[in-house]
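Let the hints inform the model, and build the full structure from the sequences given.
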Amino acid sequence: MRSTVGKIVGFTASAMLMLACTGEVGRSSGKGSKGDLDLGGDASGGRNNGGGASGSDPSVERKAQFQCKSGEVGADAPLRRLTSTQYRNMIRDLVSFTAKDAVAETLSVVEPLLAKVPEDDSPQAPDASMPHTMRRLDQVVDDLRIQAYYDVSRAAGDVMGANRTKVLGTCASDSVTGNDTDCLSAFITSFGERALRRPLTATDRGYFLSFSAAGITAKSVSDLVVAILFAPEVASQVELGGAAVGTNRFTLTAHEVASRLSFHYLQSMPDNELWEAARSGKILDEQEFRRQVKRLAGSQRAKATFDEFFTDYLQLGELRSFVDKENDVLYRAFASRDLPSPNLRENMIEEALDLTRHHLADNNSKFSDLFTTERSFARTADVAKLYGVDIWDGKSEPPMLPPGHRIGILGRAAFLASASATTNPIMKGVKIRRTILCDSLGPPPPGVAVVPIPTDPEKSARQMATARTEPAPCSVCHSELINPLGFLTEGFDGLGRFRSEEPLYSNDGTVLRTVPVDDRAVPQVLFGDTREVQGLPGLVDAILESGKAESCFARHYLRFAMSRWEDDEQDGCLLEHLRKVAAGGGSMREVLESIALDSTFRQRIVGPTN
Amino acid sequence: MKLGSTLARRHFLKAAGGATLALPMLPSLDTRAFGADAVVGKGRFLVTYTSDHGGILRQNMVPPDSDLTDKRMHYPGHEIRWGKLVGKSIDGERGVSTVLKAPTSVLTDRLLSRMMVVRGLDWPFYAGHHGGGHLGNIAANAGNSPDIMNVEAFPTIDEVIAWSPSFYTASELAGIKMRNVAGGSGGGGGGAVRTFGYSNPADRSGNIVQRSGIKSPRDLFDQIIGKITPTPSGPPPAPPKPIVDRFLEPYKNLEKNPRMSVQDKSRLNDWMARLSELQRRLSVQAPTLRSAACGSVTRPNVDGGPTYPDWGIERIRPWLSAMNDVIVAALLCGSTRIFTFGIVNNMSEYNDDWHQKVVHAGDQPKMLPATAAFFRHVMVDLATKLDVEYAPGRSLLDEGLIQWSQEAGTYTHDTHEMTMVTFGGAGGFFKPGVYLDLTNRTTNVTGKKDALGLPEQWYGFLYRQWLATVLLSMGIPSSEWQRGGWTGYGLQLAKENFAKVSAPGIVSNASTPLPVITGT
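Just so you know, the sequences run in chain order H and V. Every position in the first sequence, counted from 1, becomes a number in the working numbering once 221 is added. Every position in the second sequence, counted from 1, becomes a number in the working numbering once 407 is added.
FYI, nobody ran anything at the bench for these hints, they're computed from the structure. You may find that some hints are simply not true.
[Said to hold, decoys possible] Using 20 Å as the maximum straight-line C-alpha spacing, the simulated PhoX-like pairs for lysine-lysine come out as follows: (1) H:440 to H:387; (2) H:587 to H:801; (3) V:634 to H:337; (4) H:680 to V:634.
[As the list claims (entries may be wrong)] Restraint-style ranges between C-beta atoms, simulated for each label pair: (5) H:547 to V:889: 52 to 58 Å; (6) H:426 to V:580: 33 to 39 Å; (7) H:743 to V:899: 42 to 48 Å; (8) H:317 to V:573: 47 to 53 Å; (9) V:512 to H:326: 49 to 55 Å; (10) H:750 to V:464: 42 to 48 Å.
C-beta atoms are modelled at their ideal positions from N, C-alpha and C, and glycine is treated no differently.
Have a look at this one:
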């Protein structure tokens, strides 16, 4: 075990995410983001492979393509811990698989304890100027988590021990003791293999049997269940691999392949069909593997997986709450007939996710369609009203949006709304630059953000943003790289409603005057591109023309799938593979399947073993 | 002073404002509980509350200069000043500044004599937003400053204390359910956690990672106190037989596997160290076996906690009050002695973009009531609840330290001229009742006036000296946390013109207790 004294460890756990110039600093939702990043190749979970941009550099453009150097692959996360979602799903599935007639009793006891497993929290990027978005990157193992694992294991054990006849069969309670070993062995085989997700060794069997050396009692069965559920393979993805294919690289075994696939797409242990493919070794057959990838990616469970991905990728959780806005006289005047319902925030997020779900379900839908769709996916009256469309029933063809303005994912209320009577073009610009384009924005010059600039009700949101950021040190980034991206979305107000004019309110809600919206700007999606465009459609055209959305998506998806940060050098081939699929016109489903179909998905790449 | 009535009625009910606040203990609390072997007699305790932003102008944050009745040239060219904290009538309440005030019946002379205000603590560089600087890990920041991008990370002082053999003795650990509590409001399940520690804290090895936190007062109560069992007669039963070690074999087998990389093994070791700590925790006796007072605490009704950006005093106060109740209960039960809470929600009725439109606009009229509410409903509430006499002239509050730090000083994003507000004496280590101003008024050291048109700011002492002082106050010798050539605790970085203008001794003495408040 090595000391970290003197070692540089980059990490940010602030509740804040910010990029600032004068008085305009962003903050995430206040969550205690967490991380475990290592700038020196240490082992506690995270890795610093943030794409090569130094945090102290000024803004850095991420290119639209990657360089694939033959043979290079980024190292896998060491002893990857299951996410909290994966852990909970796996325990539920294990109980359902094992507890037989005691499933309901067991789950009723275990569920409240599963809720105590700490939530994952997206860690700060190695380059702190990048957004922290993916909860799957949280690899921290601490006392609260271990306690929760133990409590879950013990509770499941106690219930299953008390109900041992239901779980193990009558052999657990009959008067015959001579069948105890067989009784236990059968249970150990079925439960242990599914829990550890691999065949058991003789050592495993001996160890597990030792818990019932004195016979089958409630206590011994309970301890046996704990011993199984508390094994290191259960809460983490242990991959020891099969044949070596190079230095520190080896192929995964059939069971390991199945586990990787399953935890990626199902967020749980392999289902029965996948398990059988692992047991038989068929999963190592290319055709069968591809069939399983398609099956899993298209499964009902995968929908929740992709919901999590898109929520994190698009930072939908950052949307502010609209609660109690009716008490705000200014907001009431602004919202007028669209005063938010208590569920508006959740409905907006759901609408954005419905857009992604719809395109995933449509085999003809391409990655670019996420950005260009002109349909509404609002299934609630409040969001539909904001869009000026009928409610979608979730089954038929989604209704068309009013033409010419709102398109794609960037036009969703969840992406545009500010939960304020005014918009915040600066933060919208930051979000697009960093989340959609993956560019790195350098930090503001020291001290600039301490100067308070009061809000001026006589100025439009664009004018205020310009006033705040036009002093020399700020304008370097803001005038060219940040603000214009936000200005192009100023055709939508703080509720995400389309507008061509911006009313300016006094604090008592009186309209002081109305100014026309200026949504023309030079977005510089590609640094140095001085072409001016107009509105959200112009912005989307520029983004898609640049190819940066696809490469940025590739980064996000690699992080999600592999629970680690990308390394532009080492991961260039995989990133380029993902980018090409996204850019190549394949369906969204194919894009999300593509990472598993890359050969490296079935390999384990480790650091030094000595 | 007799304890029973004093404790139950005067202090606790007063803390609740006479309302029906859920109290952690019943009025029938047994006086005998506060014998020499009970409760906090075991040692000092630390409670830290952190809040975001800061940015309260000095004339609103700290007492007036006229209260600084004493002074001395502490270092050549660096005069420090101090004075007794004197309560004044402010806006119909009693306090020492615009934000450090509370109802007259609450902020008594007695409480003021246990309070400290220390002004003039600096992280001498630009930091922007940070979550970790409060307790010593300013590497945990929002990436706003090139000064502290990818700088060295430190365990926060609460973690240092929690894992120090100088704090919890082996015998006391037999009763400690959780070495340190990390929690807060906002965000995910655990709120805004400000605690960072080694991934393997027992060995002080591995990476610096953020702890998971607890947001729910009820969960916290369940985790660190749990079921209260009747006090048994006769000798206490033997602690439960350790069990976790029975489950270690697969870990040991895995560690031997040649396919495990160095990184895999290191991570596995971290994991196993946590199992060792789990085994210790599972062996902890039921709390009433050690403290009769603990038998009177009650499980709080408040579950969950505010999520960012929930706002408003009435949304947040009941949660904070319940959390304070659990702190008191945990101390009475001897379940832990360290608590850290990050509070990101503002106690204001303003329902809009607090971050951008209020704090970044320097809107003092909105910030002042929110900050005053924090002081009143967090700090004063807890101090009052802990101001319980267990011996003549000695209250629980005297045994520990409650500290409130803000993210920035006079101006948000700026970690100069920061103010620390505390209650308690840490077992006599501090001499509270003082307003201490450490700023050096001879130089406009930050030069902000010229650059940005801000009023002048002055350097004081290093924030890392405050952290060192707290470590020392908790009995943690510098040999446990000081590394070669370093002074104070935390990042050894000074930017701007600090080196040029700071007095000799500011850096070199940063590992020693701060003057005046420690009687030096």
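Hint check:
1. With a C-alpha separation of about 15 Å, the suggested pair residue 440 of chain H and residue 387 of chain H falls inside the 20 Å cut-off, and the hint holds.
2. With a C-alpha separation of about 12 Å, the suggested pairing of residue 587 of chain H with residue 801 of chain H holds against the 20 Å cut-off.
3. In summary, the hint linking residue 634 of chain V to residue 337 of chain H is supported, as the alpha carbons are separated by about 17 Å, within the 20 Å threshold.
4. A hinted pair counts as satisfied when its Cα atoms are at most 20 Å apart, and residue 680 of chain H with residue 634 of chain V does not qualify at roughly 59 Å.
5. Checked against the hint of 52 to 58 Å, the C-beta distance between residue 547 of chain H and residue 889 of chain V comes to roughly 56 Å, which is consistent with it.
6. Our hint of 33 to 39 Å for residue 426 of chain H and residue 580 of chain V holds, since their Cβ atoms are close to 37 Å apart.
7. For residue 743 of chain H paired with residue 899 of chain V, a C-beta distance near 44 Å keeps the hint of 42 to 48 Å intact.
8. For residue 317 of chain H paired with residue 573 of chain V, a C-beta distance near 49 Å keeps the hint of 47 to 53 Å intact.
9. For the pair residue 512 of chain V and residue 326 of chain H, the supplied restraint of 49 to 55 Å holds, since their beta-carbon distance comes to about 53 Å.
10. Between residue 750 of chain H and residue 464 of chain V the Cβ separation comes to about 44 Å, which falls inside the hinted range of 42 to 48 Å.
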